[in-house]
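Same order as they appear, the protein sequences are chains A and B. Taking the numbering used here, I'd label the letters of the first sequence as residues 1 to 510. Taking the numbering used here, I'd label the letters of the second sequence as residues 1001 to 1070.
Calculated directly from the structure, the hints in this document are not laboratory data. Each hint should be verified, as a subset may be incorrect.
Stated by the list, open to error - Calculated cross-link-like contacts (lysine-lysine; reagent style BS3-like; alpha-carbon spacing at most 25 Å):
{"no.": "1", "chain 1": "B", "residue 1": "K1036", "chain 2": "A", "residue 2": "K452"}
{"no.": "2", "chain 1": "B", "residue 1": "K1002", "chain 2": "A", "residue 2": "K202"}
{"no.": "3", "chain 1": "B", "residue 1": "K1050", "chain 2": "B", "residue 2": "K1018"}
{"no.": "4", "chain 1": "B", "residue 1": "K1002", "chain 2": "B", "residue 2": "K1036"}
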Amino acid sequence: MSQNEERVASEIERIKKGGPEKYHERNRKQKRLFARDRLTLLLDDGKIEFEDGMFAENQNPDLPSDAIITGVGRVHGRPVAFSASDSTVKAGAAGEKSVQKSLRMQEMAMQRRIPFFYLIDSAGARITDQVRLFPGRNHGGRTFYNQIKMSGVVPQIALLFGPSPAGSAYTPAFADIAIMVDGNASAYLGSPRMAEMVTREKVTLEEMGGARMHCSVSGLGDFLAESEEHAIEIAREYFRYMPQSYLEQPADATPMEPASTRPLREIVPEAQNRPFNMYEFLDALVDGGSFLEVKKLFAPEIITGFARLNGRPVGIVANQPRVKGGVIFVDSSDKAARFINICNAFNIPLLFLADVSGFMIGAAVERAGIIRHGAKFIAAVSQATVPKISVIVRKCYGAGLYAMAGPAFGTDAVIALPTAQIAVMGPEAAINAVFANQIAEMPEEQRDPFRKMMEVRYAEDIDIFRLASELIVDTITPFEALRGELIARYGVYQTKSEPFAERRNPIYPV
Amino acid sequence: MKHVVSNMAGVVLEYLVKVGDTIVVDQDVVTLESMKMQIPVQSLVSGRVKALKVKEGEFVDDGDVLLEVE
């Protein structure tokens, strides 16, 4: 062997070991895996198909791979690009070459239409090198520009195994979804130490930017994983629902019967005000084992997740009557809008299961911008051109009808179940609104009978058979026929190929 | 002292537990009425119910304490 050949071999061996053993040891104590081991778990057969920039900064023995591994492997047989920060090298902090490697891999993924997995475990940027990696035209900011340019072109999945601070806090935000490891992952614009200097607050890292907080309060996180292995499992599971790019359809899976054989009519109470558990409804409707919930811990009054009907993927948006009465709030609006956007980006049909008395009212939510956020939800529904079916499970009042893809929103079918009730508002509220003055002028003992009489008339007016007669809904489906009805319809509907509207960009509510 | 708080504005319809009961995380402990819906409130803590802080029929805001739990 020539001298160079030997050197190549020994360099590869050295570089693949990552940083000093003491950092590997520290990681093991914190249940954090070595970056290359994460890739082994993520990729089919544990194999990196090819790696770019392995020899970056090889002249400096302290910077194997310049703390980031970029390359391509396969997941479910399909090529995916990845970048994985190595926290055993400079705590995973990015140097000039790290940024270049990331940019080049992103450019390849954009141009060749390959999905991107971001495996994040980094202290941010090396401040000492900042002029060479932060401000310039082809520096760190460009990785976010690229993410935005790629958004909706190819799936982008972020896995946070450790810190994702400051600059890199935006990586999970620009990705389609962020999977965070409980207890280890964090994201924050300024560290607790920095926050103490600026705002005098004393807060722990976990409180301020921990995975659990982001998955349940801020809404940045989509999945809270118990361990790194679990996070990677979730990423692979999620990826099954995704196509390679917006030009392709997601793949079908083997059809399965629902996990629960409980009749839907037993799950849905007839009384409109009694709660039921929408998860039970889903278990009895979708293919068994197919439900993958997104943002489970955030705004639980609305449920968003992927499932399958006879093997075909669907994105589900469903009100959860057990939590806050299934009423829509600011966070639930945001959660739904974002999920609808993911489905529309990647040709995943949408299924809305509506049991909603409306958007929350009151001074607190008004000051929090419920109108703006609710409008965001409705905007997302409107501009989705994937097949859309809305099932009116029970009540569906006011703007709740609009948000849950009512008839006016390009919905392919609005299907009423026998318990469906569509109205501007519920009978009691409506009678109070319309007849307030009249009722106030009546003697006490006449008020209740009057109310009852008007409520009966109101109920007749909004009776679902009357609405079906007027073609407000496309059909009324018996409970036991619902799954078959949905399968038949999704089997025919395809994503519309023409764009929603011609313009530079919409001015959607944000 | 641990608390179970209301997660939205509404009226306390009924308590599903009484003082002295042991409750667990995720257990429905109170029914609120809001937006014309009956809304179960789940406990985020476990322990023994020490006190019911709001009378049935009274209004509560988002974040108001419903139960004290030890």
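Verification of the supplied hints:
Pair hint K1036 (chain B) plus K452 (chain A) holds up; C-alpha atoms about 16 Å apart against a cutoff of 25 Å. Our distance criterion of 25 Å between C-alpha atoms is met by K1002 (chain B) and K202 (chain A), whose separation comes to about 23 Å. A distance of roughly 9 Å separates the Cα atoms of K1050 (chain B) and K1018 (chain B); the hinted pair therefore holds under the 25 Å criterion. For the hint pairing K1002 (chain B) with K1036 (chain B), the CA-to-CA distance comes to about 29 Å; that exceeds 25 Å, so the pair is violated.
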